[in-house]
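Visitor: Sequence:
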Amino acid sequence: MSDARRSIEHLKEVFSAFLILGLTSFGGPIAHLGYFRAEFVTRRRWLSEEDYADLVALCQFLPGPASSQVGFALGLLRGGGWGAAAAWTAFTLPSAIVLVLFASGAAVFDGPVSQGILHGLKVAAVAIVAHAVWGMARKLCPDQRRAGIALAAVLLVVLIGGPVGMVTAIVIGAVAGMLLCRDQGGPVSHELYFPVSRRVGQVAAACFIALLIGLPWLAWVSSSMVVSMIDAFYRAGALVFGGGHVVLPLLESEVVQSGWVTPDSFLAGYGAAQAIPGPLFTFAAYLGAEMGALSVPFGAALALIMIFLPGLLLLVAVLPYWSRFRRLERAQSLMRGANAAVVGILGAALYQPVWTSVIVGSSEFALALTGFLLLSVWKLPAWAVVVILAAGGIVITL
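In this note's numbering, the protein residues as written are 106 to 503.
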């Protein structure tokens, strides 16, 4: 097969895989990481468990939507720059389109059947995350030291909470790995090749900084609604760690307090964003569509692109150096500890908010356990489990 034909096949593979995930991955960013693991580590074997955990740990450090950054990097790994664009587009557009339709008045969440499907999809997220935690724990916490690091990460996330707790857990886990895990495992067996040169990384970093500094100045000297909107959504995406719910206060201060969107419309859109698959950052598309000064398609597209752009620029900026860093012997002990901490973070998130917000009775517990067994024993793909549990949600709701 020629290189051009192989590249096209990889692009098709990336787009179709992420489109299915964009249509079915309910449950928020932690659940998305579970879906990605099931699809690209377990099923497609694009990368190893250790490589995936390394990538998750890196994206947890960076501002922006961690799950979308991981998806972007996976597309980059498989299909280069076009693969990264295909992964982001396919994973992001389904939820963005639904939210724009919602902003336009389409009633997409009404009726008992629709509510039952949504309930079943949320239960599916519990099964997906539980399966990811179980599989990653067996691989990344095989000894008492790393199991202890994972437990400490759980405690830190519970005590501190939010993105600060997550970042703190990874930092402490990395330090503990350097001290306790030096003699465990060997060097990286192969390099994850991301086709990003140092020069491209430097350009991305320069663009990130230039936009972060320059856009507020342009918005101040200009009376353009478009410039002000670009500045607001770019800063919201650039200054938040943890993504998802953490970005909401920043968005509220930018679009509600400025009078662009009413408080009632903001809350209605946030509620709709909770009930759909894909990244919560697509809430920006709803807000852009709600701004009356701009056309619906233009406002939605502009807001969506600008809120994701800073996190993706930062990821491109660090990838060339991260690929070299993780090959160092000392870096390996650091990443062993950080990966164990990632397992702990996922374990804490499995309980709160994934479990506590969904499993409210014996019916939900039975449905979630069914999904877990379908994944772990019958080895069904994640999308098939999502379909089955969506049907189960209708049964237990009606």
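Mixed in with the good hints there might be a few duds.
Restraint-style ranges between C-beta atoms, simulated for each label pair [unchecked claim]: (1) Leu256 - Val326: 48 to 58 angstroms; (2) Phe430 - Arg243: 44 to 54 angstroms; (3) Val465 - Trp239: 16 to 26 angstroms; (4) Ala496 - Ile202: 15 to 25 angstroms; (5) Val465 - Ala496: 17 to 27 angstroms; (6) Gln307 - Trp483: 42 to 52 angstroms.
Simulated from the structure, these hints should not be mistaken for lab results. Ideal Cβ positions, reconstructed from N, Cα and C, are used throughout, including at glycine.
Visitor: Determine for every hint whether it applies to the structure shown.
Guide: Here's how the hints hold up against the structure:
no.: 1; hint: Leu256 - Val326: 48 to 58 angstroms; verdict: holds, 53 angstroms
no.: 2; hint: Phe430 - Arg243: 44 to 54 angstroms; verdict: violated, 26 angstroms
no.: 3; hint: Val465 - Trp239: 16 to 26 angstroms; verdict: holds, 22 angstroms
no.: 4; hint: Ala496 - Ile202: 15 to 25 angstroms; verdict: holds, 24 angstroms
no.: 5; hint: Val465 - Ala496: 17 to 27 angstroms; verdict: holds, 19 angstroms
no.: 6; hint: Gln307 - Trp483: 42 to 52 angstroms; verdict: holds, 48 angstroms
Violated hint for the displayed structure: number 2, the only one.
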